[in-house]
Amino acid sequence: DAGVIQSPRHEVTEMGQEVTLRCKPISGHNSLFWYRQTMMRGLELLIYFNNNVPIDDSGMPEDRFSAKMPNASFSTLKIQPSEPRDSAVYFCASSLSWGGPGETQYFGPGTRLLVL
Amino acid sequence: GEDVEQSLFLSVREGDSSVINCTYTDSSSTYLYWYKQEPGAGLQLLTYIFSNMDMKQDQRLTVLLNKKDKHLSLRIADTQTGDSAIYFCAEKGTGGFKTIFGAGTRLFVKA
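Taken in order, these protein sequences are the chains called A and B.
In this text, residue positions in the first sequence follow the numbering used here: the first is 425, and each later residue adds one.
In this text, residue positions in the second sequence follow the numbering used here: the first is 71, and each later residue adds one.
None of these hints come from the bench; they were simulated from the model.
Possibly wrong hints are sitting among the right ones.
[What the hints assert, rightly or not] So, partial list: chain A residues that the calculated Cβ filter (under 7 Å) puts toward chain B:
id: 1; residue: Thr462
id: 2; residue: Met464
id: 3; residue: Gly466
id: 4; residue: Phe489
id: 5; residue: Phe498
id: 6; residue: Ala512
id: 7; residue: Gln529
id: 8; residue: Gly532
Every residue gets a Cβ at the ideal spot worked out from N, C-alpha and C, and that includes glycine.
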């Protein structure tokens, strides 16, 4: 398996523009997580899905952020409009829930977002 | 709520042992994990331990769990420069989807 795939790997945009981050989880995994990592705040869970349904979006910073999972193999995280303080590394992770060690999360390589 | 705390930095000399410590608050934790993040990469699972175990050894890695004190540690024997990374402690409770991560300990290995 190729692992969790994220695109783009790097994104530079201007304040006010829409940004869409994409994630393809590991085939067969039924939980998907979006995280944001910054030096100041560390690793923050934004939202997670189970069987394509959002379970907890309490970590989403504000209404400018939205996430969708239209099917088991694809998810998007959208920021509209983007602001400089959104600059961070955004990770997607997937797991097979309700297993033992299978509940381990597998992380993608991240998308490095810079908002100017 | 649930919380995981760990020190932010650790510096050791090559060949020495490294010990990274972590405390957690959720007494219902069933799985406790150590993840490693190398520069420019995502987190990768290093090892995990079930809450009914006290110790787990995996080559150079030793995980110790003190459930009474809610304390988890990761010992890396014969630390190498390639072990320089951020190490995240994480815990997961029963019946939940969420894994709670600590802030990460940045390990510096001096040659």
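Hints, verified against the model:
1. Proximity of A:Thr462 to chain B is violated relative to the hint, the smallest CB-CB distance being about 11 Å (cut-off 7 Å).
2. Interface hint status for A:Met464: violated, as the beta-carbon distance to the closest one in chain B is roughly 11 Å, over 7 Å.
3. Proximity of A:Gly466 to chain B holds as hinted, the smallest CB-CB distance being about 4 Å (cut-off 7 Å).
4. Interface hint at A:Phe489: violated, since its Cβ lies 18 Å from the closest Cβ of chain B, which is beyond the 7 Å cut-off.
5. Hint on A:Phe498 is violated. Least Cβ distance to chain B is approximately 18 Å, over the 7 Å limit.
6. Checking A:Ala512 against chain B: minimum C-beta separation of about 14 Å lies over 7 Å; hint violated.
7. Hint status for A:Gln529: holds, given a least beta-carbon distance of 6 Å to chain B, under 7 Å.
8. Given the 7 Å rule on beta carbons, the hint for A:Gly532 holds: about 5 Å separates it from the nearest Cβ of chain B.
Of the numbered hints listed earlier, those contradicted by the structure are 1, 2, 4, 5, 6.
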